[in-house]
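Going by the UniProt record's numbering, the sequence shown opens with residue 1, and the numbers climb by one from there.
Worth flagging that the hints you see were computed from the coordinates, not collected in a lab. Cβ atoms here follow ideal geometry from the backbone N, Cα and C, with glycine treated the same way. One should not assume that every hint holds.
As the list claims (entries may be wrong) - Calculated cross-link-like contacts (lysine-lysine; reagent style DSSO-like; alpha-carbon spacing at most 27 Å):
#1 LYS559 - LYS643
#2 LYS559 - LYS572
#3 LYS404 - LYS434
As the list claims (entries may be wrong) - Pair by pair, the computed Cβ-Cβ distance ranges are:
#4 GLN250 - ALA60: 16 to 26 Å
#5 ASP268 - PRO61: 29 to 39 Å
#6 TYR679 - ASP599: 44 to 54 Å
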Amino acid sequence: MQSNTYSPTAIFGSHTRYVVPLFQRPYVWNRDEQWEPLWQDVRSVAERLLEPQTLLAPPAPHFLGAVVLDQQSIPTGYIAVRRVIDGQQRLTTLQLLLDAVRRAVRSHGRSEDEPALRILVRNEAQIAGDASEIFKVWPTDRDRDGFRAAMGEDGVLGQGDSPLVRAHGFFFEEITRWALDDGEGAPGGSPQERLNALVRTVRDHLRLVVIDLEPGDNAQVIFETLNHRGSPLLAADLIKNLLFQVAEQQGADVERMYRDHWAPLDGDRWREEVSQGRRMRPRIDMFFQVWLTMRLRREVLQDRLFVEFRELLATGGTTAAALMEEVAADARVYQGMADAPYHSVEGLFHYRVVRALDTAVVAPLQLWLMRWDESDMPEEQRHLALGALESWIVRRSLCRATVKDINRLVVALLRAVHEAGPAQAGTAVQRELKRQTASSRYWIDDDQLRTILRTAPLYRQLTRPRMRMLLEAVEDSLRGPWGEGQPCPRQLTVEHVMPQQWAEHWGEDVLGDPEAEQAREDHVHVLGNLTLVNDRLNPALSNRPWTDETTAARGINGKGKRSLLLEHSTLKLNALLAVGHEREWTETDIDQRTEELIDHIVRIWPRPEQEGPGTAVVMENTAVGEGHGDADRSAAAVDHHGKYRGLWRWLRDRDGDRIPMDFAQVAEAAGVPLPDSAYNHSPHWYSYEGSALGRAIRDAGWRATKVNLDARTVCFVRFDQEG
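Starting from the given sequences, assemble the full structure and let the hints guide the process.
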């Protein structure tokens, strides 16, 4: 067999078809594990092409993996055919990506860029023997209808049963959003320039290893060998080998280097698989991704760790021995970040932000802040930086504001602290966060935080670790700077004061009155009705009445919930709760306690005064049934599973406050045709109760305005904006 590395232009630029045999499995790639990482990789290369310095030093090509092909015997004059032995998921996805870029370019890019991509996704119809031969890749029979729907000129934007259609729609939406982004931290250039950089990326800066089988090669044996469950080399293994090779060439004492610096990194703990989001990765490879991002002050992708390190070693102006010493020192800091004392600023940051809020993306900045000695970075500056970042993340998490842009924000913060220097790092972080005005980066202010937390069903919206962390922080605040010698215990259970099943013992005063029943139900999951108890006390509390007298009157053995909280809990949260409410626990009490807890939250995670006008922050969706009527739909979009979920998802992900569209564009975003009534009756766009279309728009946090049936146009406006 022969192995060569080719760009998409070389692979798809001629009249060729790549046919997937019928016996291979159908298309199974998905958004979380493949589409999104691929798009992030491609976007990163395109953004590097937009940087002025790349005119002199173009970025290294991005490697996409390997495919194995078997040449088929085709008569002269016909389109050449290759059978795909291995890599069909990769080839198919690359075609979907190329076509999505083409469609985005056709809508928003330069006219000359679209034909350059068309030749990579279409064979000439005059040469094709039948309709299917216009496609460069032809999938297995179970995927052909979906592939036609995605790749055809009238293909829909990701709304359909086929994963190929959804993949195409995902890429198109992400590409369009990226090209038109005008927010804080957006890439440079106009939309046309960005799309041109993307065209150049997908044509010339991606690489596939193509293994062509020769006559006599056993395709099945080769396939099994390539997919054998062996033990692949880690990126860290390649880095280690490179460092020692270069160090030996530079005349260093490699045995001493290994003993003093690298030996600890060869331990089992560093090769242990740990979670990163939904994926599992070796800890040492995670460290190198964090370290390189910190060191280079730009996002470094997982599959480019070795390439980026090699370039750093070649151009960084340092020896291999010095670089290894630096890596080893930072690895010790990285390992110690999780072991900082629990009640220190550093320990609380790691527990709250990295563990409870699952925001490990901040690790490059955390590592930079932790690597300096006191003589370089005063402790108060490190604490100021960690505190500001923790406040930014906690406030956005409590309000369910998107943090999708946080990886780029972390890079911006790294650049800010590098420019300011370690002696002013905290001031630089606070200043950089404070100046953010984009919806995806705004530091939630006190008024917004209070407005949302007063009625938000936090128990349903937050995961248990997040809810527990929040109440633990309030308990620590109540105990004072040094507490009573001990911080709040961990691993307690979140408990409802007024129980979730309140009707049995807490409902006699409201049952039969629908409005009163709903008001009580709306208070059950809010902040003021939640507390912490140990797991042994939790079952005893259950749905028990509040007072001892009511408990006895109902024939229940033991004491009421108030007495049990007072006797068996050492938390100040529960002592204040029990002492302050001897006779009853009502909706009014819940509202009052909610305000008191919000006061603590505002003090625990302060935010400096904002200079200039604030920013309306777009919140992510809440769960079904958690809203409190139309008035609350302006604060946070709710989940939607109706016919027009595609439009709901599309609107939910938009930035800005107004979107003028024509009806055809709305149908394209929805992925399904609009009903006849939408073209004939304007109330169909406004009605929430009687219209599935109106319900999808409203649930996304928008409303339809200026519906013109003659011109077939509409303007979508956010709830919190004037009509």
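Right, here's what the structure says about each hint:
no. : hint                        : in the structure
1   : LYS559 - LYS643             : 51 Å, violated
2   : LYS559 - LYS572             : 20 Å, holds
3   : LYS404 - LYS434             : 18 Å, holds
4   : GLN250 - ALA60: 16 to 26 Å  : 23 Å, holds
5   : ASP268 - PRO61: 29 to 39 Å  : 35 Å, holds
6   : TYR679 - ASP599: 44 to 54 Å : 52 Å, holds
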